Amino acid sequence: MKNSQLYKGSLNTIIMKLLEENGKMYGYEITQKVKAITQGELNITEGALYPALHKLEAEGILDVEIEKVDNRMRKYYKLTEAGTKETVNRLAELEDFIRTMQSLVNPKLEF
Amino acid sequence: MKLTAPQIEHLFIFTRQHYVEWYDLQSELVDHLANAIETQWQENPKLSFDQALNVEFKKFGVFGFMDVVEKRQAVLSKKYNSIVWEHFKDFFGIPKIILTVAMTLGLYLVLKFSDYREYIFLGTYLALFIVMFYELYKNHKATKNRKQSGEKRWLFEETIHNYGYFGGILGVPLNFMVHIFNHPETYLENEYWTVGFSFFLVSLILFLFIIFRIIPAKAEMYLIATYPEYKLIKL
Chain A
1 MKNSQLYKGS
11 LNTIIMKLLE
21 ENGKMYGYEI
31 TQKVKAITQG
41 ELNITEGALY
51 PALHKLEAEG
61 ILDVEIEKVD
71 NRMRKYYKLT
81 EAGTKETVNR
91 LAELEDFIRT
101 MQSLVNPKLE
111 F
Chain B
1 MKLTAPQIEH
11 LFIFTRQHYV
21 EWYDLQSELV
31 DHLANAIETQ
41 WQENPKLSFD
51 QALNVEFKKF
61 GVFGFMDVVE
71 KRQAVLSKKY
81 NSIVWEHFKD
91 FFGIPKIILT
101 VAMTLGLYLV
111 LKFSDYREYI
121 FLGTYLALFI
131 VMFYELYKNH
141 KATKNRKQSG
151 EKRWLFEETI
161 HNYGYFGGIL
171 GVPLNFMVHI
181 FNHPETYLEN
191 EYWTVGFSFF
201 LVSLILFLFI
211 IFRIIPAKAE
221 MYLIATYPEY
231 KLIKL
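Protein sequences, first through last, are from chains A and B. If you read the first sequence in UniProt numbering, its first letter stands for residue 1, the second for the next number, and so on. If you read the second sequence in UniProt numbering, its first letter stands for residue 1, the second for the next number, and so on.
Hints listed in this document are in silico derivations from the structure and should not be mistaken for laboratory results. Treat the hints with caution; some may be incorrect.
Said to hold, decoys possible - If the Cβ cut is set under 10 Å, some of the chain A residues that face chain B in the computed set are:
#1 9
#2 42
#3 45
#4 57
#5 66
What the hints assert, rightly or not - Here are the in silico distance ranges between beta carbons for each label pair:
#6 4/B / 98/A: 42 to 50 Å
#7 6/A / 145/B: 45 to 53 Å
#8 21/A / 18/B: 27 to 35 Å
#9 82/A / 130/B: 42 to 50 Å
#10 225/B / 97/A: 32 to 40 Å
#11 171/B / 35/A: 23 to 31 Å
#12 67/A / 225/B: 17 to 25 Å
#13 101/A / 219/B: 44 to 52 Å
#14 98/A / 145/B: 52 to 60 Å
#15 58/B / 65/A: 47 to 55 Å
Stated by the list, open to error - Here are the simulated lysine-lysine pairs, DSSO-like style, with alpha carbons at most 30 Å apart:
#16 46/B / 55/A
#17 147/B / 17/A
#18 147/B / 55/A
#19 8/A / 35/A
#20 35/A / 46/B
#21 147/B / 24/A
All values derive from a computational prediction rather than experimental measurement. No residue lacks a Cβ here, since even glycine has one placed at the ideal position from N, Cα and C.
The following block holds chain A by itself, in its conformation from the complex:
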């Protein structure tokens, strides 16, 4: 992941936001979607994505569904009811964070 330290803390929120918009998604689809939205700027590494998905699943934020696609099993993730509520909180938190950082990095000085 590009600038992993800066993006790391937001990975869960990114996943939750994508699932909120797209309903259900599988791991590879999430990596590709992020790549496409950010035009290749942000690449979620596989080693970070799956642990994050598994943790969110264990926390009850995500639920899983299995479908047989081609000749293999595909595991889809989707938000649970609690997860949908939590997404709203996390997005608000992230927006606050962005605003705070913006005011720190680019302060409007008033005299």
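With the hints as your guide, set chain B onto chain A.
Below, chain B alone, put in the same frame as chain A:
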């Protein structure tokens, strides 16, 4: 271009060779690798299966799938611990609390009135120790058989049968138990200590009963709840 069934099978073998022994994780990683290889083929159809696989595996970093496996193990152990805790709390709610109190009271009375209190105390503890070793041995053999049989293995099933990180936990207070055995006049003639030890021993009994009997008996229910694919494959 789509992957063929033998290529999918090869991916399963590939994950096994890279220390992913559990079907639940294997199938997710296989689908990931297969999607990634198919995407590469769209961009470069001349790429061989092995070359494409190599490129994708490198994206997992120097430790390969280890990070994914370790974090999944940690998540499932935490889930197991919370299941154990839920069952334990059950023994302090109605109606099971009657059993817990009766057992504690029974043990307390025996320790209070028997002339062999220190032997009964240490004996109960050692009996639990023997039960624990017997269960761990039985389980070790069963796990070995499962590995050799080549049947699909599930990480949470093994967490349940390996008792999370609890196997061997009885060894922790051993020194303290021996200390009490050697100084019964200090501990076992004091009402409060005796109540405390009775409760402690009963808690250990309940704990072992939960991890060795209750949870394994409900293993299938927990596995179906954890893995939607379990039903499709096993039942």
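Against the structure, the hints come out as follows:
1. 9: Violated - the Cβ of residue 9/A stays beyond 10 Å from chain B, reaching only about 16 Å at its closest.
2. 42: With a minimum Cβ separation of about 14 Å from chain B (threshold 10 Å), the hint on residue 42/A is violated.
3. 45: holds (7 Å)
4. 57: At 8 Å from the nearest chain B Cβ, residue 57/A passes the 10 Å test, so the hint holds.
5. 66: holds (4 Å)
6. 4/B / 98/A: 42 to 50 Å: 46 Å Cβ-Cβ, so the 42 to 50 Å window holds.
7. 6/A / 145/B: 45 to 53 Å: holds (49 Å)
8. 21/A / 18/B: 27 to 35 Å: Because 33 Å falls inside the window, the suggested range holds.
9. 82/A / 130/B: 42 to 50 Å: holds (44 Å)
10. 225/B / 97/A: 32 to 40 Å: With Cβ atoms ~35 Å apart, the hint holds.
11. 171/B / 35/A: 23 to 31 Å: violated (50 Å)
12. 67/A / 225/B: 17 to 25 Å: Cβ of residue 67/A to Cβ of residue 225/B: about 19 Å, so the range 17 to 25 Å holds.
13. 101/A / 219/B: 44 to 52 Å: For residue 219/B against residue 101/A, whose Cβ atoms are near 47 Å apart, the range 44 to 52 Å holds.
14. 98/A / 145/B: 52 to 60 Å: holds (55 Å)
15. 58/B / 65/A: 47 to 55 Å: violated (30 Å)
16. 46/B / 55/A: Distance ~38 Å between residue 46/B and residue 55/A Cα, so the pair is violated.
17. 147/B / 17/A: Measuring from Cα to Cα gives roughly 40 Å; hence the hint is violated.
18. 147/B / 55/A: Given pair residue 147/B, residue 55/A holds - Cα atoms ~27 Å apart, limit 30 Å.
19. 8/A / 35/A: Answer holds: residue 8/A to residue 35/A is near 15 Å, not above 30 Å.
20. 35/A / 46/B: Holds - the C-alpha atoms of residue 46/B and residue 35/A are around 24 Å apart, at most 30 Å.
21. 147/B / 24/A: violated (34 Å)
Comparing the model with each earlier hint shows violations of hints 1, 2, 11, 15, 16, 17 and 21; every other hint is respected.
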